[in-house]
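*Asks:* Chain residues, written in single-letter form:
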Amino acid sequence: MTDIAFPAARPRNSFFRRNRLVIMPLLFIAPAFGMFSLFVIYPIAQSIALSFIEWQGIGPKKWIGFQNYIMLFNDPVFWKSLVNNIYWLVLFLLAPVIGLFVALYLNQKVFGIRLIKSLFFFPFVVSQVVVGLVFTWFYDPAFGLIATILKPLGLQLPSILASEDWATFGVITAGLWPQTAYCMILYLTGLNSVNPEMVEAARLDGAKGWNLLVKIVLPQLRAATFIAIVVTVIGALRSFDLVAIMTEGGPYNSSNVLAFYMYDNAIFRYRVGYAAAIATILFLIMDIYIVWFLMRLLKNEKGTR
Amino acid sequence: MKQLKRLLLATALTAIATTGFARDLVINANTSDPAQKLAMENLINDFEAAYPDVDVKFNLYDHEAFKVAMRNFLTSDAPDLITWNAGNRMKVFVDLGLFEDVSDVWESENLYEKMPAVVGASSVDGKQYGVPYAYYAWGFYYRKDLFEKAGITQTPTNWEEFKTMGEQLKTAGITPVTIGTKNLWPSAGWFDFLNLRINGVDFHAELMDGQVKYTDDRVKKVFATWAELVEGDFFVKNHPAYSFQEALPFMNQGDAAMYLLAPFIVSMFPEDVRKNVEWFPFPIIDESVGIYEDAPTDSFHIPVNAKNKEDARLFLRFVAQADVQTKTAGTLDMLPPNINATVKDDRFAKGGFAQLSRASGIMQFYDRDTDPALAKVGMQGFQEFMQNPDRIDDILARIEAERERIYGAL
Numbered sequence: 001m002t003d004i005a006f007p008a009a010r011p012r013n014s015f016f017r018r019n020r021l022v023i024m025p026l027l028f029i030a031p032a033f034g035m036f037s038l039f040v041i042y043p044i045a046q047s048i049a050l051s052f053i054e055w056q057g058i059g060p061k062k063w064i065g066f067q068n069y070i071m072l073f074n075d076p077v078f079w080k081s082l083v084n085n086i087y088w089l090v091l092f093l094l095a096p097v098i099g100l101f102v103a104l105y106l107n108q109k110v111f112g113i114r115l116i117k118s119l120f121f122f123p124f125v126v127s128q129v130v131v132g133l134v135f136t137w138f139y140d141p142a143f144g145l146i147a148t149i150l151k152p153l154g155l156q157l158p159s160i161l162a163s164e165d166w167a168t169f170g171v172i173t174a175g176l177w178p179q180t181a182y183c184m185i186l187y188l189t190g191l192n193s194v195n196p197e198m199v200e201a202a203r204l205d206g207a208k209g210w211n212l213l214v215k216i217v218l219p220q221l222r223a224a225t226f227i228a229i230v231v232t233v234i235g236a237l238r239s240f241d242l243v244a245i246m247t248e249g250g251p252y253n254s255s256n257v258l259a260f261y262m263y264d265n266a267i268f269r270y271r272v273g274y275a276a277a278i279a280t281i282l283f284l285i286m287d288i289y290i291v292w293f294l295m296r297l298l299k300n301e302k303g304t305r
Numbered sequence: 001m002k003q004l005k006r007l008l009l010a011t012a013l014t015a016i017a018t019t020g021f022a023r024d025l026v027i028n029a030n031t032s033d034p035a036q037k038l039a040m041e042n043l044i045n046d047f048e049a050a051y052p053d054v055d056v057k058f059n060l061y062d063h064e065a066f067k068v069a070m071r072n073f074l075t076s077d078a079p080d081l082i083t084w085n086a087g088n089r090m091k092v093f094v095d096l097g098l099f100e101d102v103s104d105v106w107e108s109e110n111l112y113e114k115m116p117a118v119v120g121a122s123s124v125d126g127k128q129y130g131v132p133y134a135y136y137a138w139g140f141y142y143r144k145d146l147f148e149k150a151g152i153t154q155t156p157t158n159w160e161e162f163k164t165m166g167e168q169l170k171t172a173g174i175t176p177v178t179i180g181t182k183n184l185w186p187s188a189g190w191f192d193f194l195n196l197r198i199n200g201v202d203f204h205a206e207l208m209d210g211q212v213k214y215t216d217d218r219v220k221k222v223f224a225t226w227a228e229l230v231e232g233d234f235f236v237k238n239h240p241a242y243s244f245q246e247a248l249p250f251m252n253q254g255d256a257a258m259y260l261l262a263p264f265i266v267s268m269f270p271e272d273v274r275k276n277v278e279w280f281p282f283p284i285i286d287e288s289v290g291i292y293e294d295a296p297t298d299s300f301h302i303p304v305n306a307k308n309k310e311d312a313r314l315f316l317r318f319v320a321q322a323d324v325q326t327k328t329a330g331t332l333d334m335l336p337p338n339i340n341a342t343v344k345d346d347r348f349a350k351g352g353f354a355q356l357s358r359a360s361g362i363m364q365f366y367d368r369d370t371d372p373a374l375a376k377v378g379m380q381g382f383q384e385f386m387q388n389p390d391r392i393d394d395i396l397a398r399i400e401a402e403r404e405r406i407y408g409a410l
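Protein chains in written order, with the UniProt record's numbering: chain A, 1 to 305; chain B, 1 to 410.
One chain only, chain B, in its complex shape (with noise of 0.2 angstroms):
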């Protein structure tokens, strides 16, 4: 009895023992969309077909409970790797020392050389703390019959041409700008793109880190250009009833032409509207200014809490490689940042690759780039400024009164 007793304890730990072993890499992401799961899935599969002694744990995250969750997880009981974003929404948790510095699998994959335009969303202070597997472009996503219909024969480059065609889808009975802004982001997009072709990279680099005045007057000119477009009947009504997708049936029902947002609204068209669907990017306002486009950016990061660092690090290396970066970004109707790997044979991706390739520098985007608490005061403002372009100073005043309130008074 007392033998039997003994054997299986013995079994027992054993069991113990070569689970310890076995090499478990926890993965949490946010990416519950069906493109972005499938991709994912995909990725995991094919990793651990390459290292079959890794056994990948994947939980499955949906985005506002990740934003959540992560809080909780990243200080107690942290998975090997999380999914999230470049720029200021990485740095908020680099910064209290929560992402774990990965700047030694850069420098031995030498992604510096292979990933150009995503070094300085992945780095804090010249350290690199995550390895992005893809990113996208925004522009114009457009129906070309409806242009045809109202005689448009050429997608505008310039300001001037931009607000001629607009003139014209009016004139056939047709909204040119379908937008919804019930989930606010949709806004900050053109408020990123005005501020980027007006006044550059640099200052917009500088406003959402908190160092300028929302009272400037180059910001008050970046909303007296867009009131040109207010103003003019541009966009369609009631745009604060609609979240992004909402909005989308304007552009199905040919009532509106276009609609300035990211590539995953692609598969939202139906079939018979998608294939009239062209994409075209932000046309330039102001000669002078080179072309700077918001293209955010999607990594992979380790928590400094993980516990099997060294198989994420196994991860990050495969993620990096061009023919993974092809095969993900593929699934994703997004960019792979590895300038190696090759773009998806689809116009928009094509497109999106074209514009992207030839900026002179790229931001993320402005819920990104900013502070959270900023960021939602401001697209807040972005908002009422749409339906209430007399009412801008107060709205900067507010906006300038929560940048003051994080970041100081200047």
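Isolated chain A (complex conformation) (with noise of 0.2 angstroms):
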């Protein structure tokens, strides 16, 4: 096509062609945007403002200002859940962990070790629901697989789901047992892309055993540990199902985690303002490991140009 074709179709110097490079980028990411708007931020702008109010998900609502925040800094079971939060983003960090030991261990050729990983994987195929009913059974005081062990033993295991004391570390061990499968993954894939090469060199230097991994093989798999971290974390903050299934946050209260109290407050205690504080609470938590998050991202990026 020349330009003798159509002499008076189109100025060269077009304002789409002059702005190319900022207009083709908005019009692709636009319907994405248009989507994550709708879908995401306009539900967080309308919890963040609910959160104001006091309703009970139908009839009147009833603006109360910071009524919802002050009630929740005055409620016991809120700082409880927010403990137990804490106490499920340390011990999950023990999933990464694991994992990768998990993964080392797996990571030889060995006739059927195929079979093997996929059943150190299968956890994480199978529903969270499942697990936590599978571990349920597991902690039955009377009627459990550890309860029928221990009995001959003359041992006799302390009601975990029961107890106050307890209830939060059984369900956090549950919740550990799919996310090291989820990590070992992780970490199996970073090993394939270990550079034989530099582990041959570093053998023939003399390094083996605990000083080989962590000076050779981890720094290589600092993708995935990255990776293997940022997915505990947010699994750890938004962990839920596997209270709903295990304990319904009981006894009473003691092993609730925020997500489970926010849902707990909406649909049982019809508190849909109340429930909105705690998600947002719960959201701002989250902010503040997404921004540190994207800054590491960014600052790996510009580090390996």
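Warning: the hint list may mix true and false statements.
Below 27 angstroms or equal to it, Euclidean Cα-Cα: the simulated DSSO-like pairs (lysine-lysine) are [what the hints assert, rightly or not]:
1) B:91 / A:61
2) A:80 / B:237
3) B:237 / A:151
4) B:67 / B:149
5) B:213 / A:80
6) A:61 / B:67
7) B:237 / A:62
Since the hints were derived computationally from the structure, they do not count as laboratory data.
Since each chain sits alone in its own frame, please combine them into the complex, following the hints.
*Replies:* Below, the structure written as structure tokens:
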């Protein structure tokens, strides 16, 4: 196509052409951004707005300013849930560590190792609800697996899910099982891309065992570690399904977490505004983490260029 | 060609018009348990057989999903009928103007005389907002063979006998009572009965309406009586770990002798255990207090935004009939509120029916009678009390704080 065919159709320096580098990316982003605004940003804004309102879920809404937040700060259950969320966060970080060691152990070329690997990965495929039920049966102090094994040895297990001191840890343990499997897969993929020549060279220089792992292998697994930690932290903060299945936050709120307490308030106590306030707090906590995460990401990207 | 198009258009229009005129009746229900589902399907089939020109569209929800969904469909796309509970749970929606006043159905069918026991639970300010189809009595389900093993020949009628019997069971190595408090509400059954037996129905109703402090001495007395059992190891250990079904194996295996619960538990006993299970009502504690019972009532309601209210009323009239109630309640293992209906020939139904007919008043149930947020905090308190009776003052202060937040200071 030449200029002679359409002499005056389009001037060469149209607005579009001049700003192509700005407009094109915007056009590509627009559909996704539209969806994102409608289904993510708008509901977030709406939740934050709801947190200043007293509302049953239907019927009249009443503006009460920061009243929900004031009640929240005086609510022992909120603090208990927050503390439990911190327990989740800290203990869940065991998942990348255990996952790494399982991956190292499974990263061998032996007959049938694929089957073993898939068995280790199995818990991640199973629904969280099933994991929760299975662990509830394990823990059952009268008829459960653990109790049945310990009974002939004359040992008695404290009733984990009925105890205000142990319930949270019982649920976290159940959560660690699939999470470890997930981290293990991340590391197994990471280990595939570890440069064998480098390992060989290090071996020749006399590095082995712990030294080899920490100084040669781990640095090459940085990408996998990063993702594993990010996924685990987010998983810990939004822990909900296992709590709902295994304890319903009980006994008497001792294993509650923010996400479940929010759900409980919104659905069963008909306190939608209060639930929105809890959601907003959880959102702020996540925000802090996500900002940190984005900043790291940006730094990494710059570093590699 | 034009003719053909016109013909097609006309046919399409007629089709739309006829669907519009066919009388659709949309029912949303939370009756998802097997027996409930069957009873509801039978009911709808019978109704369709009686009124062939009405086409019932039945939407079944899981119990918890229904609680969530109903707040949406009542305000937006309302069905013509829903299942729900009488009492405070109904009143919440009546106060919001979402349930239709169906006093006309009560009047035309003279239900005031046919269902005297449930008038109160179906009314708000003297008007009726639903028609009950079944209710049920609570009581002790116990294993006769275990009682005999412990040398107990008679079921207890008063508190002293109840405690003595518990001691006998414990001596025989049997835990007197099984309970699963993971779902919280089984513990509320204990609170309701103790309060009704100690303080009577008027006080209980005031407490449920938030007009009495939970730190009141009369409430404390209830917990002091309850503590006699808790501290006496009457209950199975670790009950917060079990849902109400998961606590049943203790009874099935002969480790525990009784369960304070409602008739839906009967179908959950294995066949060989069930033939040994019998029923007795909650014992009397104070002779001077009348006999009051918990009898949770399930009913049909018409949403204010319903489209086909005329056929919905037709359905309500149908449901209220004695023979229909006989059949429905029979399938449900519950009791028919219509006094002309017959009770299923079954020892549990007969026992519950006899007990309710001599009751001087009935309540719904803790979590149906009081505000949902208060009910939750209250029931968590009962659970904690049953694990740590010494914390009672803290627990009552916490429940009272929630009561005050909802109903205001006294």
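*Asks:* Against each hint, give a clear statement of whether it holds in the structure.
*Replies:* Structure-based check of each hint:
{"no.": "1", "hint": "B:91 / A:61", "in the structure": "holds (18 angstroms)"}
{"no.": "2", "hint": "A:80 / B:237", "in the structure": "holds (25 angstroms)"}
{"no.": "3", "hint": "B:237 / A:151", "in the structure": "holds (16 angstroms)"}
{"no.": "4", "hint": "B:67 / B:149", "in the structure": "violated (44 angstroms)"}
{"no.": "5", "hint": "B:213 / A:80", "in the structure": "holds (26 angstroms)"}
{"no.": "6", "hint": "A:61 / B:67", "in the structure": "holds (20 angstroms)"}
{"no.": "7", "hint": "B:237 / A:62", "in the structure": "violated (44 angstroms)"}
When held up to the earlier numbered hints, the structure conflicts with 4, 7 and fits the remainder.
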